[in-house]
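Turn these sequences into a full structure, and let the hints steer you where they fit.
Just so we're aligned: 190 in the numbering used here is position 190 of the sequence shown, and the numbers increase by one with no gaps anywhere.
A hint or two may mislead.
Taking CB as the label site, the calculated pair distances span [said to hold, decoys possible]: (1) A400 / A584: 45 to 51 angstroms; (2) P255 / E447: 50 to 56 angstroms; (3) G480 / G262: 47 to 53 angstroms; (4) A562 / G537: 27 to 33 angstroms; (5) A162 / E329: 51 to 57 angstroms; (6) S563 / P57: 53 to 59 angstroms; (7) K334 / N261: 39 to 45 angstroms; (8) A562 / L535: 23 to 29 angstroms; (9) D662 / G152: 45 to 51 angstroms.
Don't read these hints as lab results, they were simulated from the structure. Every residue gets a Cβ at the ideal spot worked out from N, C-alpha and C, and that includes glycine.
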Amino acid sequence: MRVSKLSAISLAITLVMSMQAQAKAVTTQDVTANEFSCEGKTTVPIYEIQGAGEMSPFIAAGADESIHEVTTKGVVTARAERLYKGFFIQDPQGDGSPLTSDGIFVHWGDTAPAEIVPGMQICVTGKVQEYAGFTQINIAQQQQFHLGNYVGELPATPLHIADGQSLAEALERVEGMKVLLDTASDMKVTRSFSLDYDSYRNNMVLSHKAPLMKATQVYAPLSAEAIALNRANIANQLVVESDYKAEHGEVPYFPSFNADNGYIRVGDQLTNIEGVIGYSYEQYRFMPTNDISASDFIRHHDRTVAPAIAAQGDLRVASFNVLNFFNSEFGGDKNPLGHNRGAKLESEMLLQRTKIVNAMAAMNADIIGLMEVENNGFGKLSAIQNLVDALNAKLAPEQAYQFVKVTDNDGFIGTDAIAVGILYRPAVVALADAAQIIATPEQHVAEGALTRINEGVTETNPAYHKYQRHSLMQSFSINGNKLTIVVNHFKSKGSGCLEDWLSFNEDSEPVDLQGKCNAFRVSAAKVIGESVTGLDGDVLVIGDLNAYGKEDPLAVLTDYDASLTEHVIKTASHTSLNGAEHDAQGRVIDKGYGLINLNTQAHGPATYSYSYGGELGNLDHALGNTSLAARVVAIEDWHINAVESSLFEYSSKYTGDLVKSDNGYSSSDHDPVIIALAYPEVQDTKDADVIMTAKDDGGSLGYLGLLLLSALGFRPKA
Numbered sequence: 001m002r003v004s005k006l007s008a009i010s011l012a013i014t015l016v017m018s019m020q021a022q023a024k025a026v027t028t029q030d031v032t033a034n035e036f037s038c039e040g041k042t043t044v045p046i047y048e049i050q051g052a053g054e055m056s057p058f059i060a061a062g063a064d065e066s067i068h069e070v071t072t073k074g075v076v077t078a079r080a081e082r083l084y085k086g087f088f089i090q091d092p093q094g095d096g097s098p099l100t101s102d103g104i105f106v107h108w109g110d111t112a113p114a115e116i117v118p119g120m121q122i123c124v125t126g127k128v129q130e131y132a133g134f135t136q137i138n139i140a141q142q143q144q145f146h147l148g149n150y151v152g153e154l155p156a157t158p159l160h161i162a163d164g165q166s167l168a169e170a171l172e173r174v175e176g177m178k179v180l181l182d183t184a185s186d187m188k189v190t191r192s193f194s195l196d197y198d199s200y201r202n203n204m205v206l207s208h209k210a211p212l213m214k215a216t217q218v219y220a221p222l223s224a225e226a227i228a229l230n231r232a233n234i235a236n237q238l239v240v241e242s243d244y245k246a247e248h249g250e251v252p253y254f255p256s257f258n259a260d261n262g263y264i265r266v267g268d269q270l271t272n273i274e275g276v277i278g279y280s281y282e283q284y285r286f287m288p289t290n291d292i293s294a295s296d297f298i299r300h301h302d303r304t305v306a307p308a309i310a311a312q313g314d315l316r317v318a319s320f321n322v323l324n325f326f327n328s329e330f331g332g333d334k335n336p337l338g339h340n341r342g343a344k345l346e347s348e349m350l351l352q353r354t355k356i357v358n359a360m361a362a363m364n365a366d367i368i369g370l371m372e373v374e375n376n377g378f379g380k381l382s383a384i385q386n387l388v389d390a391l392n393a394k395l396a397p398e399q400a401y402q403f404v405k406v407t408d409n410d411g412f413i414g415t416d417a418i419a420v421g422i423l424y425r426p427a428v429v430a431l432a433d434a435a436q437i438i439a440t441p442e443q444h445v446a447e448g449a450l451t452r453i454n455e456g457v458t459e460t461n462p463a464y465h466k467y468q469r470h471s472l473m474q475s476f477s478i479n480g481n482k483l484t485i486v487v488n489h490f491k492s493k494g495s496g497c498l499e500d501w502l503s504f505n506e507d508s509e510p511v512d513l514q515g516k517c518n519a520f521r522v523s524a525a526k527v528i529g530e531s532v533t534g535l536d537g538d539v540l541v542i543g544d545l546n547a548y549g550k551e552d553p554l555a556v557l558t559d560y561d562a563s564l565t566e567h568v569i570k571t572a573s574h575t576s577l578n579g580a581e582h583d584a585q586g587r588v589i590d591k592g593y594g595l596i597n598l599n600t601q602a603h604g605p606a607t608y609s610y611s612y613g614g615e616l617g618n619l620d621h622a623l624g625n626t627s628l629a630a631r632v633v634a635i636e637d638w639h640i641n642a643v644e645s646s647l648f649e650y651s652s653k654y655t656g657d658l659v660k661s662d663n664g665y666s667s668s669d670h671d672p673v674i675i676a677l678a679y680p681e682v683q684d685t686k687d688a689d690v691i692m693t694a695k696d697d698g699g700s701l702g703y704l705g706l707l708l709l710s711a712l713g714f715r716p717k718a
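What follows is the structure in C-alpha cells.
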C-alpha cells in the first residue's frame, strides 16, 4: 500500500502510541503470567557477552552453550519470524570498542509476542549459545523476559571495514547489531538477486570494494595465489536476506524492482540500507529493516544499448550461448533425444527469441558462433532457422544472416539435444569450403570395473557414460584471406565423471576448484588443439569451454609447458572417439597447442562472461593462432547477462507476477564475447600492419573491469 508522506507520519505516530500502550499492558500481564522480573538481577552488558573473539567468553572451549544463565538488557532493533526465530536487541550506549558488538540475537524458538517491537526496552535471561557460529541468548524454554518502555528505534551504526581487515572480521564485530550500509561501506553486489541453492531462497550477495573473481580465472589451479584468493572470497561475502521468504519475482526491500529501470547488476554499490547482522549456513546475513529505491544503487558499470565494439574493425566475430533455444515443443523438428530443455510455453519461447534477437542485432557481428541451440537439423522447422528468420526480419537485407549447414550425420551435430552453430553475413564473408564436425571424446565405464579404498572399505564404481557436444569448424574467405572458425561447447562442471569418483569428489567440489569432469574437458581441448594445428590462414577457436581462464583446458589450448611447472595435466581415462578407443588410461599433457587467449592479451586475466556462486569469470573464450591475434582490433565481453538477475530471463517459473521485458538484458546466462578484426580491402602487408597498429586498443574494460584488476593487484594492459 502506498501512502503520502503526511499519511505516513500520522500512521507512525498512531503506531508509536499503540506500541507504548501495548508495552504497558504486556509488562504487567507478562510479569504476572510468568512471574519474571529483572529487578534485583545482575545484568551483563551485551558487549561483554559478545566479547572480542569469534566466540562468547561465557562459553567454555569446545562447548556451544554457557553453563549458567545470564541476564542482559537492551532495545529491540528487529523482529525475526522466519529467517530466525526471535528478535535482535542492542545496548543503546555500547562500550565504544571496535572489537566488540553491542547487539545480540535473542532466540525465542517461535514467533515472539507481537508486543516485542523495535524501539522497546527489554530485559532477558537465558543461556548464551553459539548456534552454528551465531552468538545468541536462548530463552526458548523459560521465555524469561521483561518489557520496559518504548524509547524509539535506535539509529543504525555505519558499517566500515578497516584497512587490512576482512569483511568477515568486520561483520563479527557487529554481529547482532543494526548497521547501515552507506557510501563509505563500499559494498558491491557480487551476486544479483536470484535463487540461493543452499537456503533455497531468493537473495543477493554483497562483497567489499569489488565483486568476487573466481580464483582459477586469474591463477593456476592449486597455486598458492589461487588458494589464497579462494579463501579471501569466502571471507568477503554478505548475504542480503529478507526475514520472510521473498515472493516469486519480488525483492521485499526493493519494491520498485523491475526489468527496465529497477534492476540490480553485479558491481552496483548498495547504499542507504539498514538492517541487522545475523549468521547462518556458514555465512553472515544482512536482514534489511527499511526499503530502498533505484537511486540507492550507485551503478559503476551500467547497461549499454550496444557494445562499444559494434562498429570497430573490418570484421566482427561473436560467441554467444543462447540458453537452450528450443522450438521442437512448438511445431519444430525433433532433436535426437526428444527432450525439451528450453521454454515450456510458446509465449516464453517467443520472448526468449525476441530477447536473443535484440541482443544479436545490437552486437552487429558478421559471424556468430552459437551454443545451446536445439540440435534439430537445418530444415525449415529447425531451431536455428527459426532464430535466423526472426533475426533477419529485424535487419536490412545487406545485414541478413545465413547459417552454416551440415550435410552429413543425418543433419545433426552430435547426439545431444543441443548443439553449436554458426551464423554469418554472406554480404561480408563467403564460405571457403564445407563445414566439418569435430567429434569430441566420450567416457564409458561399466559398473564395477574399478575399485577404490574408502576408510578401509573396498568400493566399486557406478557406471559412467559421459558425452560432450561436438565442435563445428567452418572456413571463410574475406578480402582474399582465409579465416577458420571453430565453435565449441565442452562438458559442464555439474555432474561428475570417473575421475571425480576416483578422487572422492563425486559429491563435493574438487579441491583444485576446476569443477567436475575437468580431465574430460582436457580430453576435448586436446582433440581441438590437434584439429587446428597446421591449418592454413587465421584460426579462431571460440565458445563455451566450461573452464575458467587459468584452468587446465585453457592451458592445454594455449601456453602450458610441463617443464616449467609442477602442475600435472592429464586427459580422462576410458575415453573413445568416433567409436574407437581413445585414451584408455589417460594421458599426461607435455605442452599446450600455442593458441593465444585474446581476452587476456588485451585486458589481462580478470575478465568475465559468467557468474556462478557470486564469483565472476570467463567460461566463454576466444583463442587465436599467431596470425589471427595480430589482426585483433578489440575484444569485448558485452555484459548484458552475467551481471543481471536471472529473474529477468524468459522463463516465468519462480518469477510470479514480475513483468518481463523484451530487451536484450538477461537474454541468456552467458555474456557474448565479441572480437573485432582487421581485414582491410587493400592487402598490402605494410599498410595492413599500419592499420592494425593504429586501431589496436584492445577494447574497453570499463569501470568494473578496472576495479576487478585493481582489487586483484593486476595492472591493465597498456
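Going through the hints against the structure:
no. : hint                            : result
1   : A400 / A584: 45 to 51 angstroms : holds (48 angstroms)
2   : P255 / E447: 50 to 56 angstroms : holds (54 angstroms)
3   : G480 / G262: 47 to 53 angstroms : holds (51 angstroms)
4   : A562 / G537: 27 to 33 angstroms : holds (29 angstroms)
5   : A162 / E329: 51 to 57 angstroms : holds (55 angstroms)
6   : S563 / P57: 53 to 59 angstroms  : holds (54 angstroms)
7   : K334 / N261: 39 to 45 angstroms : holds (41 angstroms)
8   : A562 / L535: 23 to 29 angstroms : holds (24 angstroms)
9   : D662 / G152: 45 to 51 angstroms : holds (48 angstroms)
Taken one by one, the earlier hints all hold for this structure without exception.
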